[in-house]
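Protein chains in written order, with our numbering: chain S, 1 to 624; chain V, 1 to 201.
One should not assume that every hint holds.
Residues from chain V that keep clear of chain S, each with C-beta distances beyond 12 Å, as calculated [said to hold, decoys possible]:
1. His64
2. Ser66
3. Glu69
4. Arg132
Calculated lysine-lysine pairs in the DSS-like style (CA-CA distance at most 30 Å, straight line) [said to hold, decoys possible]:
5. Lys55/V / Lys178/S
6. Lys135/S / Lys178/S
7. Lys410/S / Lys153/V
Here are the computed distance ranges between Cβ atoms for each label pair [said to hold, decoys possible]:
8. Ala435/S / Met142/V: 33 to 39 Å
9. Ala435/S / Glu133/V: 43 to 49 Å
10. Ala134/V / Thr329/S: 53 to 59 Å
11. Ala134/V / Gly494/S: 52 to 58 Å
Source of the hints: derived by calculation from the structure; they are not laboratory data.
A quick note: this is a predicted structure, and the numbers were derived from the prediction, not measured.
Backbone N, C-alpha and C fix where the C-beta goes; we use that ideal spot for every residue, glycine too.
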Amino acid sequence: MALLQIAEPGQSPEPHQRKLAVGIDLGTTNSLVASVRSGEAATLPDEGGSHLLPSVVRYTDQGVVVGQAALAQASVDPFNTIMSVKRLMGRGAVDLKGLQGEAVYRFADTDGGMPYLQTVAGDKSPVEISAEILKTLKARARASLEGELEGAVITVPAYFDDAQRQATKDAAQLAGIKVLRLLNEPTAAAVAYGLDQGAEGVIAVYDLGGGTFDISVLRLNKGVFEVLSTGGDSALGGDDFDLALAQWFLQQLGGAEVIAGESRYLTEKARWTKERLTENETVVVDLDHAGQKVSLEVTRELFDGLVEPLVNKTVRACRRALRDAGVSTDEVLEVVMVGGSTRMPVVRARVEQFFERQPHIDIDPDRVVAVGAAIQADVLAGNKPDSEMLLLDVLPLSLGLETMGGLAEKVIHRNTSIPVARAQEFTTYQDGQTAMMVHVVQGERELVDDCRSLAQFVLRGIPPMAAGAAKIRVAFQVDADGLLSVSAKELSTGIESEIQVKPSYGLADNEIAEMLKASYSCAEGDMAARNLREQQVEADRLLHSLEQAISADGTQLLSEEELVHLQEQMVVLFSLRNGTDSALIEQGVKVLAQVSDFFAARRMDLSIKNALKGHSIDEIEGDS
Amino acid sequence: MSADAAKALTFEFLSSLSAGYMMDITQNYFEFLALPVTYQLDLQSLSERSRELQKTLHPDRFAHLSDRERRLSVQYTAYLNEAVSTLKSPLTRAQYLLKMEGIDTFSETQVQLEPMFLMQQMELREGLESVREASDPDAELMALQATVDGEMKGLRSQFDGFYQQSTPTSLDAAAVCVRKMQFIDKLGREIEALEDQLFDE
Numbered sequence: 001m002a003l004l005q006i007a008e009p010g011q012s013p014e015p016h017q018r019k020l021a022v023g024i025d026l027g028t029t030n031s032l033v034a035s036v037r038s039g040e041a042a043t044l045p046d047e048g049g050s051h052l053l054p055s056v057v058r059y060t061d062q063g064v065v066v067g068q069a070a071l072a073q074a075s076v077d078p079f080n081t082i083m084s085v086k087r088l089m090g091r092g093a094v095d096l097k098g099l100q101g102e103a104v105y106r107f108a109d110t111d112g113g114m115p116y117l118q119t120v121a122g123d124k125s126p127v128e129i130s131a132e133i134l135k136t137l138k139a140r141a142r143a144s145l146e147g148e149l150e151g152a153v154i155t156v157p158a159y160f161d162d163a164q165r166q167a168t169k170d171a172a173q174l175a176g177i178k179v180l181r182l183l184n185e186p187t188a189a190a191v192a193y194g195l196d197q198g199a200e201g202v203i204a205v206y207d208l209g210g211g212t213f214d215i216s217v218l219r220l221n222k223g224v225f226e227v228l229s230t231g232g233d234s235a236l237g238g239d240d241f242d243l244a245l246a247q248w249f250l251q252q253l254g255g256a257e258v259i260a261g262e263s264r265y266l267t268e269k270a271r272w273t274k275e276r277l278t279e280n281e282t283v284v285v286d287l288d289h290a291g292q293k294v295s296l297e298v299t300r301e302l303f304d305g306l307v308e309p310l311v312n313k314t315v316r317a318c319r320r321a322l323r324d325a326g327v328s329t330d331e332v333l334e335v336v337m338v339g340g341s342t343r344m345p346v347v348r349a350r351v352e353q354f355f356e357r358q359p360h361i362d363i364d365p366d367r368v369v370a371v372g373a374a375i376q377a378d379v380l381a382g383n384k385p386d387s388e389m390l391l392l393d394v395l396p397l398s399l400g401l402e403t404m405g406g407l408a409e410k411v412i413h414r415n416t417s418i419p420v421a422r423a424q425e426f427t428t429y430q431d432g433q434t435a436m437m438v439h440v441v442q443g444e445r446e447l448v449d450d451c452r453s454l455a456q457f458v459l460r461g462i463p464p465m466a467a468g469a470a471k472i473r474v475a476f477q478v479d480a481d482g483l484l485s486v487s488a489k490e491l492s493t494g495i496e497s498e499i500q501v502k503p504s505y506g507l508a509d510n511e512i513a514e515m516l517k518a519s520y521s522c523a524e525g526d527m528a529a530r531n532l533r534e535q536q537v538e539a540d541r542l543l544h545s546l547e548q549a550i551s552a553d554g555t556q557l558l559s560e561e562e563l564v565h566l567q568e569q570m571v572v573l574f575s576l577r578n579g580t581d582s583a584l585i586e587q588g589v590k591v592l593a594q595v596s597d598f599f600a601a602r603r604m605d606l607s608i609k610n611a612l613k614g615h616s617i618d619e620i621e622g623d624s
Numbered sequence: 001m002s003a004d005a006a007k008a009l010t011f012e013f014l015s016s017l018s019a020g021y022m023m024d025i026t027q028n029y030f031e032f033l034a035l036p037v038t039y040q041l042d043l044q045s046l047s048e049r050s051r052e053l054q055k056t057l058h059p060d061r062f063a064h065l066s067d068r069e070r071r072l073s074v075q076y077t078a079y080l081n082e083a084v085s086t087l088k089s090p091l092t093r094a095q096y097l098l099k100m101e102g103i104d105t106f107s108e109t110q111v112q113l114e115p116m117f118l119m120q121q122m123e124l125r126e127g128l129e130s131v132r133e134a135s136d137p138d139a140e141l142m143a144l145q146a147t148v149d150g151e152m153k154g155l156r157s158q159f160d161g162f163y164q165q166s167t168p169t170s171l172d173a174a175a176v177c178v179r180k181m182q183f184i185d186k187l188g189r190e191i192e193a194l195e196d197q198l199f200d201e
């Protein structure tokens, strides 16, 4: 690494090196991985040639099985074979009551936090189970791209709340994947379509997957994909359509009590029937029940009737999303269908009827999300410096705080563009009060109990004052992934309390560290080696970006003195980086980041000036 | 939160969130976006400027760089988003212009308005409450929405007139317009909430 070599502006100090980055669609039913190769984004197949990896994980005495082989054993070994784990992500034990009829697993007793599933291989959290799926996809990408991954863009339903997003990111960390971005599935789909067809204007993405439903309204303009509004239901998907039909089966069979294996057998039969009804008007299904063979005839009309309430729910969400976006149906230029469940004729017909135009189904609805994610991953990894593409998302659900009487006070409303930072001031309500509980919630309802609890923390050490005299400012910051961090500060004393929101139903950082440790056979050595490598990568990244910054703007923005000082500090980190003490490197990164902050900020301000060049206020006023 | 009572809503971006970096937050939102200070803002230019700045500042532009750059960019983009959303809405844009003139309507908790206006508000609210029982709730809601839109439009043009005169008396009159707009805006949001509820039933 030629550390202090200053290249001519515009000249890259390093030869162009393509970084390997992938897009991952971590779906309820199936998962995929895709990447851009020689300019084309495509999903990657496994050795057997199949692109879809069933999102099924089976734990056995001998180890973990993921995918088709696990799915094949689902009815035989229901308790150890975990399907649709995405529906459990970021959920608490309490939420699982809502999943009755499908949550056939045995849950370990926990103190109300995150649910653990009992398997032959021990208790497993949804995050660990998802990590197994991600590991399988990572291995597939590695084999097919022949190299180490720089990172991945992982898609999530736009309607996922903070806890669900955080759980997804944790799973990636556990699988050893650097997350370049958590991308909303509908946005990913729009990217795949937008680039193909060069559309400009308002588009609606209707995404009905195995377990989730999303509707997003986006405006496309010169490579910028701006989400105007989003809505949906993170617990409504193809599985529910299967369930509706399975319940009808059960009625026809006399409503006998369901046992775990049979419930799964019936929903599998229901799925089989549903899929055939896409092509056929009538399907005959044979069921084994209580030692007897029963044949049932299902017409499409009957099926459409059974699922009508579900389809209606999605149409209502569409209407609301359009209203939130401030757009009428006739302003919508294109409607894009995503997700395997949009194959159902009843869904297509209703969407067409609502938007009064034929929806796009040109790209395989199963693959479109992964393809879009791969395109963005390629850009984010830095492989396309000239790309104009930018994806702007919104907060799907309002964020707020609990106030007196169990009411939720909204601090950031849904459909606000992210990143966003906002603060609100509160005061004490009792004389001499020295502590205050901060309860962060997400959702649209007025009562805290109807919203999702994200985190609670206590701000202590408030100096005793009269009621109403203390001023406590609670600040929220949401990053581009839709992840929230909260800090609280008492203004007269400056006492601060900061938390990265670790959801009430999530994993604590040390739990993740523990799991990471456990996942290495000879933990100590591997952990240390991995830690060192991570710190070195971060040091290199900082040094490299500083080098580039200096060569681009150094002469313009730095005095000679500042430049010399900066370079001295860079040398310090460079020598630390070549050592083996990861703690020292980490410290060195912090120091260099701190002493170069002013430079980064100056560059940011310069880029703002450059971006607005030719728009001086005088000139504008002169025009009007 | 177990302890709380009076709280002051501040929509403004707080400098403390930028953690003491050098971001120029002495610039007002108009300057930051290189737009003329006026109520009759060209929304087209606003979104163009916003897009140009997003392309430079958004965290995705720094995804392959170090943590520090990404953090900084989150703060800048948050400021940009706050500026854009404040200027985009006719109500908050009016409030922001007044704030630049030293009149803070963001953190008012109690306001006094003329009885005539309040009477009219009460009637509208009663209308909203009876929507549920109406034979055609959708039509009732649409009619109410039209009234709200009409009122808002009138107040906007009144505000602009007072604001442009720019005397202490006329700015006070502009502030009265803003307070009325807040009432109407709230009613608008309640209409939406009821619409949501009716959808869900």
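Cross-check of the supplied hints:
1. Residue-level check failed: histidine 64/V sits 4 Å from the nearest beta carbon of chain S, not beyond 12 Å.
2. The beta carbon of serine 66/V is not kept farther than 12 Å from every beta carbon of chain S, the shortest such distance being approximately 4 Å.
3. Here glutamate 69/V does not stay apart from chain S, with its beta-carbon only about 6 Å from theirs, under the 12 Å limit.
4. Every CB of chain S is more than 12 Å from the CB of arginine 132/V (nearest about 17 Å), matching its label as outside the interface.
5. Distance hint between lysine 55/V and lysine 178/S is fulfilled; the C-alpha atoms sit about 23 Å from each other, no more than 30 Å.
6. Restraint check: the Cα-Cα separation between lysine 135/S and lysine 178/S comes to about 12 Å, which is no more than 30 Å; the hinted pair holds.
7. Between lysine 410/S and lysine 153/V the CA atoms are separated by roughly 27 Å; this keeps the pair inside 30 Å, and the hint holds.
8. For the pair alanine 435/S and methionine 142/V, the supplied restraint of 33 to 39 Å is violated, since their beta-carbon distance comes to about 49 Å.
9. Our hint of 43 to 49 Å for alanine 435/S and glutamate 133/V holds, since their Cβ atoms are close to 47 Å apart.
10. Roughly 24 Å separates the CB atoms of alanine 134/V and threonine 329/S, a value that falls outside the hinted 53 to 59 Å.
11. At about 54 Å, the CB distance of alanine 134/V to glycine 494/S agrees with the hint of 52 to 58 Å.
When the structure is compared with the earlier hints, violations turn up for hints 1, 2, 3, 8 and 10 and for no others.
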